[in-house]
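Sequence order for the protein chains is A and B. Going by the numbering used here, the first sequence opens with residue 1, and the numbers climb by one from there. Going by the numbering used here, the second sequence opens with residue 1, and the numbers climb by one from there.
No lab work stands behind these hints, which were simulated from the structure alone. Keep in mind it's a predicted model, so treat the numbers as computed, not measured. Check the hints yourself; a few may be wrong.
As the list claims (entries may be wrong) - With a cut-off of at most 27 Å between alpha-carbon atoms, the simulated BS3-like pairs for lysine-lysine come out as follows:
id, chain 1, residue 1, chain 2, residue 2
1, A, LYS236, B, LYS161
2, A, LYS149, B, LYS342
3, B, LYS158, B, LYS168
4, A, LYS236, B, LYS171
5, B, LYS342, B, LYS354
6, A, LYS111, B, LYS15
7, A, LYS149, A, LYS66
8, B, LYS174, B, LYS161
9, B, LYS281, A, LYS240
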Amino acid sequence: MKENILIIGGGAAGMEAAAQLQKMGLTPIIVEKSENLGGHIAQWDRLFPAFHPAKDVVDQMLSQVKDVKTYLNTEVTDIQKDNNGFHAVLSNNEKIDAKAVILATGFDVFKAERKQEYGYGIYNNVMTSVELEKFFRTGKDERINNPKKIGFVHCVGARDVKVCNTYCSKVCCTTALKQACEIKEVFPDAEVYTFYMDLRMFGPGYEDLYLKTQKDFDVKCVRGRVCEVSEDMDGKLVIKAEDTLFGKPLKMTLDVLVLMCSMEKNKSIDAIQQKLGIANNSDGFMQNKDMYLGMNGTAQDGVFVAGACTAPKSLPDTIGEARSVATQVFNYINNK
Amino acid sequence: MIVEGKQKIWADYQKDIPDDHYFYVRSCIRQAFWPGSEVTFLDITRNKLGKDFYENPYHTTCGGIAYHSDTIPQETAMTIIARQFALMKESGYENYVCSCITSFGCYTETLETWHEYPELEAKIRQYLWDSCKKEFAKPKYLAHASDIIYKFRFDIAKQMKFPLVNVKTGKPLKVVEHIGCHYSKMFPSKGFGGAEYPHVLVGMIEAWGGEVVDYPERRHCCGFGFRQYFVQGNRGYSESNTHKKFESMEPYEPDLIITNCPGCPYFLDRWQYVIAEQTGKTYGKNGYGIPALTYEEVAGLVMGYDPWDLGLQMHQVAIEPLLEKMGIPYDPKKKYQGVNGKDLGQPMCPSCIKSV
């Protein structure tokens with residue numbers, strides 16, 4: 001049985017779904033808009049909660065899809081459905097016919113400059129969690145110059161009515177604590193603070209990471225949101241926050257402030273999503289069929305979803321969904 | 001500091017405001033605090049820029065102080081505002097400009113609330129008819145008076161006689177800008193530059209040759225905060241806010257503070273005297289304070305108005321060192337003379353902060 005399955009998106013969800021579908025005897029075709037497979041995870045250095053190198057995971061996933069037909073630097077520009085299935089046009093003008101489509105388009109990182117009070121793009125030493133991860137990978141970032149005091153702000157662009165994102169972005173708490181430990185590894189003498197609303201350590205090993213962060217790395221976790229960032233004469237950052245456990249406002253001078261940016265729906269797929277008749281849910285992500293038994297299905301017969309295109313998800317959640325979507329597609333093809 | 005980042009935000013928060021024909025309403029407290037400011041605004045717009053700014057003698061307070069002090073309900077404040085709008089309509093104007101920042105906040109809040117809750121607007125229409133037999137039209141455009149000066153800042157610069165430059169050193173004056181909280185903190189899109197990095201006063205400073213000081217407590221409240229001051233027992237909070245700002249700006253050695261709110265220049269000015277009396281500390285050089293002026297006063301100074309016609313003698317902090325830095329001539333004998341040379345009397349000299 002050789003049926004084409006079009007997978008839009010070559011990140012963790014797309015690669016894993018492709019690998020599974022290939023094992024099932026189907027013909028996955030990945031269309032990825034960037035120049036590499038791997039998605040956001042390929043930009044990461046180590047993964048929570050065990051500090052496992054992201055590259056190992058990405059390499060393993062890449063090895064599984066080495067025989068999968070893949071288009072890089074390519075987007076789907078048009079898609080139509082008829083009785084024979086889906087007919088997609090790519091940005092390189094090639095055409096693909098497929099029996100089913102998997103949307104594995106992942107997420108966009110929240111643009112930190114939208115939270116103007118944090119001063120990203122205004123004050124030199126305010127950076128994002130993505131940029132810090134790049135520093136861990138490369139060891140290079142001119143903003144990080146033997147810092148003595150570093151702060152992390154959780155929930156940047158998440159659980160925030162002001163930016164119209166009321167949902168929890170799920171992975172930022174754990175990522176913040178992982179990065180707090182890592183920065184302490186690089187700069188053991190630095191004081192590190194994280195400013196959180198709640199610490200949502202929901203997964204296996206996450207709570208242990210929270211304890212380790214405090215016991216082994218002496219990171220100070222402050223329950224309270226940073227409300228304002230400014231810069232003093234020396235270029236250091238002055239932040240204001242409230243410690244809600246002490247019930248007191250606080251002001252602190254930092255060398256570097258890291259913003260834990262949330263996930264938002266990847267909007268580059270909007271036009272194709274619209275052509276396929278898939279709506280968004282109340283959080284702005286893609287609407288799946290239902291959140292219990294139909295999480296990989298959509299309102300459109302033959303169109304499936306996997307990964308963070310429907311909501312913020314951790315890597316294990318994404319892999320799990322990618323495997324399940326492969327099963328769903330396999331059953332869909334076999335029952336047609 | 002990444003200037004391009006601020007410029008991007010400024011570009012995102014621009015307003016396309018009408019060139020001419022405005023219905024102007026005054027502030028209830030500015031006329032007492034800084035009596036030269038509103039007169040100067042009208043003189044600049046009408047006589048220097050040739051614009052039509054009409055003032056109806058029957059207009060009143062907007063009710064903002066009572067509203068924000070919780071002494072009148074919102075419906076009462078809205079009915080007062082509806083009456084102002086009715087006067088605008090009767091006068092044949094559609095563009096509304098107010099002198100006061102809190103009024104600007106109240107008008108904006110009222111219009112936005114009516115937009116969201118039309119039934120409330122209908123209720124207020126009935127209240128206005130029942131109480132005054134008037135009918136109102138909502139303004140086509142609502143501006144704050146500082147928006148107007150911002151819009152015409154380069155036209156003012158063309159008529160400038162004394163730029164914000166130290167004539168002895170040739171260097172730009174270092175200017176702190178302080179924005180009234182009700183300008184854009186509630187509705188960022190309604191202010192030039194938004195809420196976090198407003199451009200309305202920065203634009204004036206830069207157009208007139210000054211250098212903007214960005215200091216850590218730039219966004220902090222001036223200390224007015226309504227209940228911080230109106231409730232007598234809270235006045236320590238008011239002063240401590242002002243003190244915090246001055247401690248933060250002190251290392252930058254600012255020459256001048258420019259504001260666009262009725263209360264901000266008042267508290268930034270008067271509390272400097274109180275802080276000096278309490279602690280012996282002054283924040284200007286040689287025992288002087290840092291002048292805290294309104295944007296109209298600064299516009300008037302750069303355009304060559306006589307400092308005493310601008311009412312600068314009403315400031316607690318002595319203005320003379322600033323005048324000398326800018327090379328503005330002044331007659332010390334006329335400082336406390338009113339219209340027609342009438343002697344207004346002289347205030348007692350404070351013991352710690354220099355007054356002349």
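Here's how the hints hold up against the structure:
1. A:LYS236 / B:LYS161: violated, 38 Å
2. A:LYS149 / B:LYS342: The given pair, whose Cα atoms are some 61 Å apart, is violated under the 27 Å limit.
3. B:LYS158 / B:LYS168: holds, 22 Å
4. A:LYS236 / B:LYS171: Within the cut-off at roughly 26 Å; holds.
5. B:LYS342 / B:LYS354: holds, 25 Å
6. A:LYS111 / B:LYS15: holds, 24 Å
7. A:LYS149 / A:LYS66: violated, 44 Å
8. B:LYS174 / B:LYS161: With a Cα-Cα distance of about 18 Å, the restraint between LYS174 (chain B) and LYS161 (chain B) holds, given a limit of 27 Å.
9. B:LYS281 / A:LYS240: Given pair LYS281 (chain B), LYS240 (chain A) holds - Cα atoms ~26 Å apart, limit 27 Å.
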